[in-house]
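We have chain A; now place chains B and C onto it with these hints.
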Amino acid sequence: MNDLISECAALLEKVKQKKPLVHHITNYVTVNDCANITLAIGASPVMADAIEEAADIAAIASAVVLNIGTLNNRTVESMLAAGGSANERGIPVIFDPVGAGASAFRNETARRLLSEVRMDVIRGNISEIRSVAGLSSNTKGVDASEADTFENAAQIARELASKRGCVVVITGAVDIISDGARTAEIRNGHSDMSRVTGTGCMCTSLIGSLCGAAGDAFHGAAAAVLCMGVAGELAHEKAGADGSGSFRNAVIDAVSGMDADILKARGKIDEIS
Amino acid sequence: MNDLISECAALLEKVKQKKPLVHHITNYVTVNDCANITLAIGASPVMADAIEEAADIAAIASAVVLNIGTLNNRTVESMLAAGGSANERGIPVIFDPVGAGASAFRNETARRLLSEVRMDVIRGNISEIRSVAGLSSNTKGVDASEADTFENAAQIARELASKRGCVVVITGAVDIISDGARTAEIRNGHSDMSRVTGTGCMCTSLIGSLCGAAGDAFHGAAAAVLCMGVAGELAHEKAGADGSGSFRNAVIDAVSGMDADILKARGKIDEIS
Amino acid sequence: MNDLISECAALLEKVKQKKPLVHHITNYVTVNDCANITLAIGASPVMADAIEEAADIAAIASAVVLNIGTLNNRTVESMLAAGGSANERGIPVIFDPVGAGASAFRNETARRLLSEVRMDVIRGNISEIRSVAGLSSNTKGVDASEADTFENAAQIARELASKRGCVVVITGAVDIISDGARTAEIRNGHSDMSRVTGTGCMCTSLIGSLCGAAGDAFHGAAAAVLCMGVAGELAHEKAGADGSGSFRNAVIDAVSGMDADILKARGKIDEIS
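Same order as they appear, the protein sequences are chains A, B and C. Using my numbering, read the first sequence as starting at 1 and increasing by one per residue. Using my numbering, read the second sequence as starting at 1001 and increasing by one per residue. Using my numbering, read the third sequence as starting at 2001 and increasing by one per residue.
So that you can see chain A by itself, here it is in the shape it has in the complex (with noise of 0.2 Å):
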């Protein structure tokens, strides 16, 4: 067992204790997944964002998700609001470019999020990360494109995480963490996580409750992450077979189940450099 295992099963226990509410301004079909999944892991979720009050529920927040799904220009005006009011409060914001790549109008929102928010983390498949890093992209939809293979996909990590200061996940078959100095891999997970919706958005929203505990964005990510792969593959063991209902059911119970023992005896997570 590596370090860096360790250092996740013991954010898992620390979010537990902390229970950091997590702000999340997101899209309107995965949202109660991310609200469930945030309680599963032992965080407390809040949605809310009407500019009225994005400010100050991101002010009262240990961590604040900004999930571009179904952004629309209300709501692109509150995750300004609310992610300039993390950033003047030193809160981590975490960033889900969902989509980035398949409209001008995605593009242009995820481009001026990141030029008026600091980011502390950005999550997404590798269609969504080279579009957010200005490389050329497939993205059709909201799910990465088969052509917009994971070659270099570490590279592209910790270039665009030197770039911008930040973290950055990439997730698919093999999950990339980098900081730019550091950069890990992760081996769980399971392909029935693509059949169902919001896997993407779930990790993001366990990156936000495990950042919101954690002192650094590189372990929240991890250990978020991490978690994330593991219930998927308990997920498919319990439910894999009944269908993908069943098994978006069975994530949720994994990550309300998860603890420090279970993160250990089955993560596989290496530092790659």
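Derived by calculation from the structure, the hints in this document are not laboratory data. If you're wondering where the values come from, they're calculated on a predicted model, not measured in any experiment. Keep in mind that the hints are not guaranteed to be accurate.
[Claimed, not checked] Label pairs and their computed distance ranges (CB to CB):
(1) A1010/B / G257/A: 38 to 44 Å
(2) R1266/B / R2111/C: 49 to 55 Å
(3) E151/A / E2237/C: 23 to 29 Å
Glycine residues also receive a C-beta, built at the ideal position from the N, C-alpha and C atoms.
Relative to chain A, chains B and C alone:
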């Protein structure tokens, strides 16, 4: 078995016969659960928040639920229109002041809704009800603050009910229902209910469903809270060990299977004043 | 086994190969179920309702689903833009007139969408389709009215389909699919489906998924309705006794496990004119 539980059991049968239409203007986090639990108890949900139709839909409903979980300036206007339309026609209005106390915007909106709409029932956790009652509140997000003890909850409910001429429900480890003259407490439920999002919102939807069939809002609210509490216990027995994803479905399962006999066998409701 | 069922079974394989992108502008009540059932059948959902991107996202999709369940003036404009963009490119548009007949705003919006967008398929319950067809309707909320009998449903579907040059689907105890020239009826499904929210919306999402892979909207719609009906039966057998929460997941489970053999073994579809 006391009179109150007989009354609740009778109402449960009545809602299945009448199938009241329950108009919700509610948050997008738990709205699916609210619709499903409304169907599960035997009522018919309709969610409609456009200002162009809010008053019209309220006018054909048997109850109106106003829930400010993810309020914004557009939907607040629709809540006012729906509430006013219901008031004109004597249709019961149920108010769920989600997160009252967490931001100035929520406080102001709750104040405005209470000033412009005559509410028949207000349901919240202790932090939210303290906020609505003008008492000091430690609301942090949408979950009750541990700093807001349940001490004097019955008195707070009674006084707020008397002042506003409505039924006040405070849900928690013990649930309180008061219309100022009559006060009941319910000792059902399970702590697992706080590990999934929306159990409060779902309780409010059940209050709407039962009040849509009941002549008396005190009995309607009591029956709804009793159903929710018993459902929480049954769900814990069925799925508590599986995790919070399964527990959530089991709550809806339990409500869909609820009948007068189960309520009479398991309900723990007593008038306390 | 008739030709129609062979056609449906073949389309089921085709959707899994093509993985069509299905752009939804839909309600926030059942949107998660719509996304999950779209993934379950093998297609890829994208929900995007901002006017700034509605036409762009529709342009890269294989089908567009417009569902007015929780319409508002912002999203209606986006529906018009997405529908227009799809029409220009010959991308099929599926219309779900949720609650048509329940308010003047819904009626007017349905009328406007039908007048400005060429729909390839319209799916509703008997009350909604009667309203869209300009017949007397007893719509109360979003569930079919018991006062609107299914008598003459095939004739209503056939006439509306001929008038509009599209496929009309009426779902209920028996499902009718007509393009004016061909009319089929499906005798699958289970009454449990009316005890959970969103089975109509999910059916519409399946129509979008299948029409996104089919050359012929009549076959696409028939295959989708058949899948939904068979899934309802399988879900009842698996989870009917557990309650409506479990049933809902079992529907998605059943769709995720649906294949040509199941469809051929259980499908009850017949051309009736």
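Hint by hint, here is what the structure shows:
no. : hint                          : in the structure
1   : A1010/B / G257/A: 38 to 44 Å  : 40 Å, holds
2   : R1266/B / R2111/C: 49 to 55 Å : 50 Å, holds
3   : E151/A / E2237/C: 23 to 29 Å  : 46 Å, violated
Figure legend: structure checked against the earlier numbered hints; the only hint not met is number 3.
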